[in-house]
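Take each chain as given, in its own frame, and dock them per the hints.
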Amino acid sequence: GDSVTQTEGQVTVSESKSLIINCTYSATSIGYPNLFWYVRYPGEGLQLLLKVITAGQKGSSRGFEATYNKEATSFHLQKASVQESDSAVYYCALGYGNEKITFGAGTKLTIKP
Amino acid sequence: NAGVIQTPRHKVTGKGQEATLWCEPISGHSAVFWYRQTIVQGLEFLTYFRNQAPIDDSGMPKERFSAQMPNQSHSTLKIQSTQPQDSAVYLCASSLDGGNTQYFGPGTRLLVL
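Chains as they are written, first to last, in the working numbering: chain G, 30 to 142; chain D, -18 to 94.
Bear in mind the hints are in silico, worked out from the structure with no lab data behind them. There could be a bad hint or two in this list.
Claimed, not checked - Cut-off 25 Å, straight-line C-alpha distance, at most; resulting in silico cross-link-like pairs (SDA-like, lysine to any residue):
(1) G/K80 x D/G40
(2) G/K99 x G/S116
(3) D/K(-8) x D/L77
(4) G/K99 x D/N52
(5) D/K(-8) x G/R69
(6) G/K80 x D/E44
(7) G/K137 x G/I49
(8) G/K87 x D/G80
(9) G/K99 x G/G88
(10) G/K46 x G/Y70
(11) G/K80 x D/Q49
(12) G/K141 x G/K99
(13) G/K137 x D/P87
(14) D/K(-8) x D/V70
(15) G/K80 x D/T82
(16) G/K137 x D/Q22
This is chain D alone, in the form it adopts within the complex (with noise of 0.2 Å):
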């Protein structure tokens, strides 16, 4: 089993440009969620799906986030215009339905320059 597995590890963007993250989350695994985690806000709650439905997006930024889910093998959380604070490494997990252990992929380090 290889685990959550994201693409890219390290991306750097340019102002205003957008940077788009993958998530493969455990095969078998229903739930899949996002996380970012900075120096000065720690490890927040993004959004998630299951069963690629979304079902909940109260941690995401209004404007200029979106996340996708377009079949069980994979999540896109995409991020237009970037900004120099949405710089910090963006987590993915992945849970078996029914189940409350929540498995993380090694992140998305993102820097905007």
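With the rest of the complex left out, here is chain G (with noise of 0.2 Å):
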């Protein structure tokens, strides 16, 4: 079945530092997944960060940025310069149209002011 890791369980950040947290996946269906990072907020339910559909391109959202490399199997989520509300739990995600999506097992970033 499909698949997709998380590397890091837990990273800390200092302020206005750079992020990237590292995603690839197993896809094991015909055609490309679409790829997605999820996040939870402290007390928050999970939301959708970014998407992307095409292989290739890239998506962005309040600063984060992840580009889908096909070849490399990669969806890494990466920001410039983090903020202390940036500290949440992050999911690397695929799936196929409407269908079911398969989680990483979740990144949580910590920021240090």
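Next up, the structure:
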């Protein structure tokens, strides 16, 4: 079946520094999957941060970016300068059309002031 | 728009009792998804409906778990004879027909003692 791997369970970054959260995927279905980053802020529900449905394209939201790299089967999340308000749990995920989503294990991001 | 509504938010049951979890999708959304989140297994897909019809229940445990969608405004997940290993946060999500973005509810935290 499909799978998503996030190698870091927890990441701590100082405020205003850059961030990268790694995500790789394995997709067994025919065709290229849609790729997502979901986020759960403290005390809130899971919400979509960004998505990319075309290989080679980049998605962005709230200063975060991720590029769909089909050769490397990667979808790393990056931000040039993090803020304390970015502290949250980030989930990389994949899906096909309007069907089930397969999630990574999540990465808890803590920002040091 | 109230978003996806899940009730109850918290439920405590004794081993062997039944638990019924409710989900009200966003009005106009035709697809409803159920996921389960635990520390060990992470976020796992359980089942989903489209236009009230069951489409994929590949993630549902074969025994004791069942899901229904009797009308377009709500879905239920029922767990019979609950066991401690059923303790988890159960998430419901909905999406538009033809869409690829799922909107999640706040979840129901089930604790089986």
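For each hint, the structure was consulted:
1. G/K80 x D/G40: Distance ~24 Å between G/K80 and D/G40 Cα, so the pair holds.
2. G/K99 x G/S116: violated (28 Å)
3. D/K(-8) x D/L77: violated (29 Å)
4. G/K99 x D/N52: Violated, at about 40 Å.
5. D/K(-8) x G/R69: Judged against 25 Å, a Cα distance of about 21 Å means the pair holds.
6. G/K80 x D/E44: violated (35 Å)
7. G/K137 x G/I49: The given pair, whose Cα atoms are some 12 Å apart, holds under the 25 Å limit.
8. G/K87 x D/G80: Since the Cα atoms of G/K87 and D/G80 sit roughly 19 Å apart, the hinted pair holds (cutoff 25 Å).
9. G/K99 x G/G88: With a Cα-Cα distance of about 14 Å, the restraint between G/K99 and G/G88 holds, given a limit of 25 Å.
10. G/K46 x G/Y70: holds (19 Å)
11. G/K80 x D/Q49: violated (29 Å)
12. G/K141 x G/K99: violated (33 Å)
13. G/K137 x D/P87: holds (18 Å)
14. D/K(-8) x D/V70: Distance of about 10 Å is within 25 Å: holds.
15. G/K80 x D/T82: holds (8 Å)
16. G/K137 x D/Q22: OK: G/K137 and D/Q22 at ~16 Å, within 25 Å.
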